[in-house]
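*Asks:* Residue numbers are given in UniProt numbering: position 553 of the sequence shown equals residue 553, and the series is strictly consecutive.
Think of the hints as simulated: they come from the structure by calculation, not from any bench.
Careful: at least some of the hints might be erroneous.
To be verified - Listed next, the in silico EDC-like pairs over lysine to aspartate or glutamate satisfying Cα-Cα at most 20 Å (straight line):
#: 1; residue 1: 538; residue 2: 523
#: 2; residue 1: 328; residue 2: 345
#: 3; residue 1: 298; residue 2: 221
#: 4; residue 1: 177; residue 2: 122
#: 5; residue 1: 435; residue 2: 423
#: 6; residue 1: 179; residue 2: 286
#: 7; residue 1: 344; residue 2: 384
#: 8; residue 1: 170; residue 2: 122
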Amino acid sequence: MPPPPPPHPDEHVVFRLSSGLPPSMAASLFRLSRPRRVLLPLSALRLPLSTQPLPQPRDPSSPNSNRGLPAFLSFLAAAAAGGITGSVALCDAAPDHRVGGKDSTELVVRGERKRVPQQFIEELASFLGENLTVDYEERSFHGTPQNSFHKAVNVPDVVVFPKSQYEVRKIVMTCNKYKVPIVPYGGATSIEGHTLAPHGGVCIDMSSMKKIKSLHVEDMDVVVEPGVGWIELNEYLKPHGLFFPLDPGPGATIGGMCATRCSGSLAVRYGTMRDNVINLQAVLPDGDVVKTGSRARKSAAGYDLTRLIIGSEGTLGVITEVTLRLQKLPSHSVVAMCNFQTVKDAADVAIASMHSGIQVSRVELLDEVQIRAINMANGKSLPEVPTLMFEFIGTEAYALEQTLLVQKIAAEHHGSDFVFVEEPNAKEELWKIRKEALWAGFAMKPDHEAMITDVCVPLSRLAECISVSKQLLDASPLTCLVIAHAGDGNFHTIILFDPSQEEERREAERLNHFMVHTALSMEGTCTGEHGVGTGKMKAVPGEGAGDGVTEDDEKDKGRAGSQQHHESRKAHPTPRLHLTNQVPDSMAVGSVVQVCRGAATEYVHETFGSVTALPEDTNTYFMSYKLQLTVPGPARLNKRTRTLLSLGVICTNSSIHAWHRLLGLLHILTYLQNTREWFTSWFHKIAFLLYTLLVTVIYSLRS
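Please take these sequences and the hints and turn them into a complete structure.
*Replies:* This is how it looks when you write it as structure tokens:
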């Protein structure tokens, strides 16, 4: 009897569409509606691990092959709600989710694979027993994020369900022995592809480790296992008059919240995860267990290992226990809402409120598109304009006083329709608008995917960053919604796109990249609370980019003598081109050459003394595409722009022989084709080749 076919890879999406529910809610119901896991006897583990045919491994030396993530990340973990993955892994192939064929890149993480050793499976099963499965449906479900537009070509080889730290240690030690990557898995609410397993390996589902081990009411702390959800924890704490003040997406677990260093709408008052974890325990890659501190609220003893592991997304260890700082439940609160003419006015009010010293608990910004979505989804008739929502907590008199102060600030910035409520039911109804914003956005186009991204900038740059981003978002044909935790400079964008349309997917990527680069150029970060995952890995090198050289250092260097500085650069060159204008990816090749000519000529003069002093070695003319080039601010240019800059260097230098120019341009063409970073069809390749020939002829005639 042939084995049953695997489930449709998008079965949960079909379930969501047919039920009319938001994706995350539908995914949760879908998971509950199917078997929790298939428990196989040890003898059954000798059967083939997948009903899918195993693809032939790619040749890493092939120019069209994509290598996986760096091998040095061999021990990686999504840590419940988040993580990354790396190393050569052992897995079978999952369905290919790519849009536009195998040449599509950004949203799909590829990896290399080998067969899983039977001995490895048996060794895990010897101590896990029934808490291990190789069922394809279960593995596919764990390898396909429910809230992320990122996908992976491969899925985990094995899914395990440890119930104790001891079992986690044994799993990690076994994986280390066989060099198999690890991806811990909990709530899976992350949206940057944290739980992907592009190289396969073992998925450690932490859902069975959800004990609340001890509560210290007088010390206002609690010790929990990583599988405990923050909502369930607060239900447990409520009778004791305490609560845990972080509120990320529903379903998030404490382990994943630590791993991704998450926060939420209350972070402006209570801080992020790093501010609310007292200590934790983690299993290191070799199986050792480390406890990062005591229950004391502060310590000056040695390294701060707690905050080193928080935000590490599983790259340092698997979190098995967390001690959390708790807060008293507020005795009184006020919820307020105000409308504005522009997003900038709303952001300015949030900034002014923080500068005035007002103790705001929440300050959320929703743009006009988001309000329109709420009206459509809930049948409301709210004014479709940028809106700010506030929450103030404390005594009744204090909360009211803070509310009136913010009302005055809002009036000074063209605010209107300022309303506030204190009655519990009215507060819940008003705040429900914000809580349902994400689902309302999905409801605008239920057949679309949502690319959700977040960035964070210094508070003084928030209004500028949102305004610049909004201009681009509004000009895009895609539907884009903005939600901001305006009190700490963090804002999110929901970009709705049709996954079956390659052009829409690329447009969504372009908008996402623009937001990230804009935030980095304003001394911000590529992610305020979602984490890196696989989606933001390329942006991480731009975090705090720079060599630490200040303006005073440059002045001192200048005083030492320009000639000495010139000789030093020749002896130890650090080639960088600093452009006066940032070059966007979408700019035409000819325009890029125009922008680059001045910078390229300046670079050649500065490095070699004159244009004609370039060495005659042909390879020198190709060196420019390898340069580490930067734009103003910390945002680094991508490979495509670096390559186009090298085109500017080649075309600018009139001393280069025409054939050398042609060879250089063809070299770039080959580079772009091999890396698949630009050309998507033969039309583009031929067009670029004709362009290079035309440029060569023109510059040959000029010289």
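*Asks:* A separate judgement is required for each hint: does it hold in the structure or not?
*Replies:* Results of checking the hints against the structure:
1. 538 <-> 523: Given that 20 Å is the threshold and the Cα spacing comes to 17 Å, the pair holds.
2. 328 <-> 345: Measuring from Cα to Cα gives roughly 34 Å; hence the hint is violated.
3. 298 <-> 221: OK: residue 298 and residue 221 at ~13 Å, within 20 Å.
4. 177 <-> 122: holds (14 Å)
5. 435 <-> 423: holds (18 Å)
6. 179 <-> 286: Given pair residue 179, residue 286 holds - Cα atoms ~11 Å apart, limit 20 Å.
7. 344 <-> 384: Given pair residue 344, residue 384 holds - Cα atoms ~15 Å apart, limit 20 Å.
8. 170 <-> 122: Distance ~13 Å between residue 170 and residue 122 Cα, so the pair holds.
Hint compliance for this structure: hint 2 alone is broken.
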